[in-house]
Amino acid sequence: MDLQSYRQAFDEAERDFEAAVEEYGLPFEREETSLREARVRTAAECGCRCENGASSLWRNWISPACLACRTGDETATFFVDLRCVKKCYFCFNPNQDHYEHFLSHERDIVAELEQAHAMGARFRCLAITGGEPLLHPEQVNAFLQRAAQLYPDAHTRLYTCGDLLDERGLQELAESGLDEIRFSIKPPDASDGQDRVYELMEQAVGTIPSVVVEVPVIPGSLGQMKDLLVRSDALGISGVNLLEFCFPLHNAAEFAKRGFQLRKHPFKYLYNYWYGGGVPVAGSEAEALELLAFAEREGLRLGIHYCSSDNKNTGQIYQQNKAFFADPALRDAHPWMRADEEDRFLKCAKAFGDDVRRAREWAEGAGVVCGYDPDVPSLALADDDAAALEEACPSIVLAESVNVVELREPDDASGSGRVGARPDLYLREVAVEPRA
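Each step along the sequence shown adds one to the number in full-length UniProt numbering, with nothing skipped, and position 235 is 235.
To be clear, the hints were calculated from the coordinates, so they are not data collected in a lab.
It cannot be assumed that every hint is accurate.
The calculated label-pair distances, taken between Cβ atoms and stated as ranges, are [said to hold, decoys possible]: (1) Glu254 <-> Asp384: 47 to 57 Å; (2) Glu254 <-> Pro335: 44 to 54 Å; (3) Pro64 <-> Val40: 23 to 33 Å.
Once the Cα atoms are required to be at most 30 Å apart in a straight line, the calculated BS3-like pairs of lysine-lysine come out as [said to hold, decoys possible]: (4) Lys322 <-> Lys347; (5) Lys257 <-> Lys226; (6) Lys347 <-> Lys226; (7) Lys322 <-> Lys226; (8) Lys347 <-> Lys264; (9) Lys226 <-> Lys264; (10) Lys347 <-> Lys257; (11) Lys87 <-> Lys186; (12) Lys87 <-> Lys226; (13) Lys87 <-> Lys322; (14) Lys87 <-> Lys347.
All C-beta atoms in this analysis are idealised placements derived from N, C-alpha and C, irrespective of residue type, glycine included.
Given these sequences and hints, build the entire structure.
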């Protein structure tokens with residue numbers, strides 16, 4: 001089996017995924033209109049940072065919580081319940097575990113924090129979200145005060161739409177030790193006469209150390225979004241987080257009547273991601289990149305961060321692949337694997353088909369450690385060794401294999417992907433791409 005034939009299985013999986021998602025009532029665009037390569041190009045043109053596997057673009061300032069989110073290490077998010085004062089058609093909270101339960105039941109977030117501390121948990125970033133957390137101001141302030149005692153160096157942030165906030169509430173949050181407040185603004189809120197939210201943000205700038213606006217980039221809202229950036233900059237807002245707009249697999253009629261379609265190739269690598277935001281909507285990323293360019297042209301001083309759907313998923317991959325490096329036996333079983341410090345996947349080079357024989361002969365002659373799979377057939381080797389192989393055999397075609405560690409059920413712990421001495425762990429190959 002050659003490389004092209006081998007990749008057909010991944011192409012088929014993506015077609016099956018698209019067909020399954022379209023059953024929810026929203027179609028995919030036929031051709032991809034927002035190629036990921038545009039991220040790198042936009043960053044270069046705008047002088048932006050392009051990080052985390054080109055999934056995170058930012059200029060001037062970025063929240064430390066956004067940086068920590070990339071790996072998920074020493075971070076945690078708490079909520080009292082999932083009730084909210086808004087009814088956004090694109091809300092993905094219904095995808096959360098036990099959503100219905102937490103519409104009528106509350107969690108004791110102070111007790112949860114204390115329990116985590118008692119178990120030795122270390123945190124450098126703590127968040128309170130919802131629903132709308134300010135439905136419970138006493139619990140929020142109690143949490144912040146306890147966090148300051150248990151984790152005095154941790155960065156704390158609060159998500160709110162602002163509807164329940166006033167000057168006194170802001171002062172109480174500041175006195176409780178809140179480091180960052182994030183106003184979840186939707187484009188209609190920014191231009192339909194609701195000046196109160198801007199007044200609140202202006203008050204917050206003088207009260208809370210960091211004030212951030214977090215907003216999904218809804219296709220067709222470019223004019224409103226530019227106005228939001230300009231007004232936020234004038235207020236002295238720390239930064240604006242531009243989120244890739246997603247379809248949460250419900251309320252399809254609301255998306256369809258607005259003419260939205262889903263983004264072709266919605267994820268850098270197709271996988272079962274935990275993040276419940278849904279599937280990216282076509283056109284959102286293109287407008288987000290235009291907003292970065294607009295901010296550069298206008299000389300806006302505030303920080304702007306484009307957080308793509310891909311960016312939301314790197315923490316999961318990082319956490320899953322930790323197991324590969326935690327046990328020497330796991331690493332020794334696949335010594336040719338490396339962790340990509342950008343997108344967090346485990347990667348190696350692979351030869352397929354007729355190239356396997358030549359690659360294997362070269363590896364044996366050079367004393368290179370490699371992994372031979374006779375069933376495909378294929379040969380895996382480290383990137384550095386692959387470069388030497390390509391130099392020795394210029395006509396050989398190698399691919400990049402993309403992998404993640406998964407937990408296998410106890411009764412299904414066999415197979416060539418099994419890792420080292422841990423029968424419960426194995427490597428799952430999620431993509432094979434042409435090697436750059």
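Those earlier numbered hints the structure runs against, lowest number first: Hint check: 6, 7, 10, 13, 14 fail, others pass.
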